[in-house]
Amino acid sequence: MTFKEIVRLILEREKRPMSAKEIAEIALRKNLIDSPKDLTKLRWKIYDVMYNDIMLHGDSSTFVKVGRGKFTLRELNAERRREGSELEDLIRRLEETQYKSTSPSEFEETLIFWKK
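Each residue of the sequence shown is one higher than the last, beginning at 503 in the numbering used here.
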């Protein structure tokens, strides 16, 4: 298994943005890679795999950097964005209803409608 495949596997299982350090710790704990003499080099190797994939493949890269030192799978990031977009839409509609509403029950009815 290549480093890229190992990193992808861990990110798929964890389903959250992770640092190279976190990925290295899980890879070692699960015996996906041999215990290295230098953990710092392992972390940098994992970081390089993700970063170089992004630089080489751009928008079609397997990975995406989502914060300082945090990476996730591009497909997971797209799902998270969709969910965030749906949530933002719900919040916006609830706020509009609340501001227009003259009764508490109207807002509660909107909440019940959106729960369905």
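Treat the hints as calculated values from the structure; they're not laboratory data. Please note: incorrect hints may appear among the correct ones.
Lysine to any residue pairs mimicking SDA-like chemistry, simulated, CA-CA at most 20 Å apart [claimed, not checked]:
1) LYS572 / ASP555
2) LYS547 / GLU527
3) LYS532 / ASP555
4) LYS547 / ALA580
5) LYS539 / ASP555
6) LYS506 / ASP536
7) LYS532 / THR504
8) LYS547 / ILE535
9) LYS523 / ALA580
10) LYS532 / LYS543
11) LYS547 / GLU514
12) LYS523 / ARG545
13) LYS572 / ILE528
14) LYS523 / ILE512
15) LYS517 / LEU534
16) LYS567 / ALA580
Restraint ranges, calculated between C-beta atoms of paired labels, are given here [unchecked claim]:
17) GLY571 / LYS532: 34 to 42 Å
18) SER521 / ARG595: 18 to 26 Å
19) THR504 / ASP561: 18 to 26 Å
Even for Gly, the Cβ is constructed at its ideal location relative to N, Cα and C.
Structure-based check of all given hints:
1. Between LYS572 and ASP555, the direct Cα distance comes to roughly 14 Å. Compliance with the 20 Å bound is thereby established for this hinted pair.
2. Among the hinted pairs, LYS547 with GLU527 is consistent with the structure: their alpha-carbon atoms are about 13 Å apart, no more than 20 Å.
3. Restraint check for LYS532 and ASP555: not satisfied, since their Cα atoms lie roughly 24 Å apart, outside the 20 Å limit.
4. With a CA separation close to 26 Å, the supplied pair LYS547 and ALA580 exceeds the 20 Å bound.
5. With a C-alpha separation of about 25 Å, the suggested pair LYS539 and ASP555 falls outside the 20 Å cut-off, and the hint is violated.
6. The hinted pair formed by LYS506 and ASP536 meets the criterion: a straight-line CA distance of about 15 Å does not exceed 20 Å.
7. Our distance criterion of 20 Å between C-alpha atoms is met by LYS532 and THR504, whose separation comes to about 15 Å.
8. Distance check on the hinted pair: LYS547 and ILE535 sit about 12 Å apart at the alpha-carbon level, within 20 Å; holds.
9. With a CA separation close to 23 Å, the supplied pair LYS523 and ALA580 exceeds the 20 Å bound.
10. A threshold of 20 Å between alpha carbons decides the hint, and for LYS532 with LYS543 the separation of about 19 Å falls inside it, so the pair holds.
11. Taking the CA atoms of LYS547 and GLU514, the gap is near 19 Å; set against the 20 Å cutoff, the hint holds.
12. Between the alpha carbons of LYS523 and ARG545 the distance comes to roughly 5 Å, so the proposed pair stays at or under 20 Å and holds.
13. Taking the CA atoms of LYS572 and ILE528, the gap is near 15 Å; set against the 20 Å cutoff, the hint holds.
14. For the given pair, LYS523 sits about 12 Å from ILE512 by alpha-carbon distance, which is consistent with the 20 Å threshold.
15. With a C-alpha separation of about 18 Å, the suggested pair LYS517 and LEU534 falls inside the 20 Å cut-off, and the hint holds.
16. For the suggested pair LYS567 and ALA580, the alpha carbons sit about 12 Å apart, so the restraint of at most 20 Å is met.
17. Judged by the Cβ atoms, the range 34 to 42 Å given for GLY571 and LYS532 is violated: they are separated by roughly 21 Å.
18. Checked against the given bound of 18 to 26 Å, the beta carbons of SER521 and ARG595, roughly 36 Å apart, lie outside it.
19. Separation of THR504 from ASP561 is about 22 Å and conforms to the stated range, judged on CB atoms against 18 to 26 Å.
The earlier numbered hints that this structure contradicts are 3, 4, 5, 9, 17 and 18.
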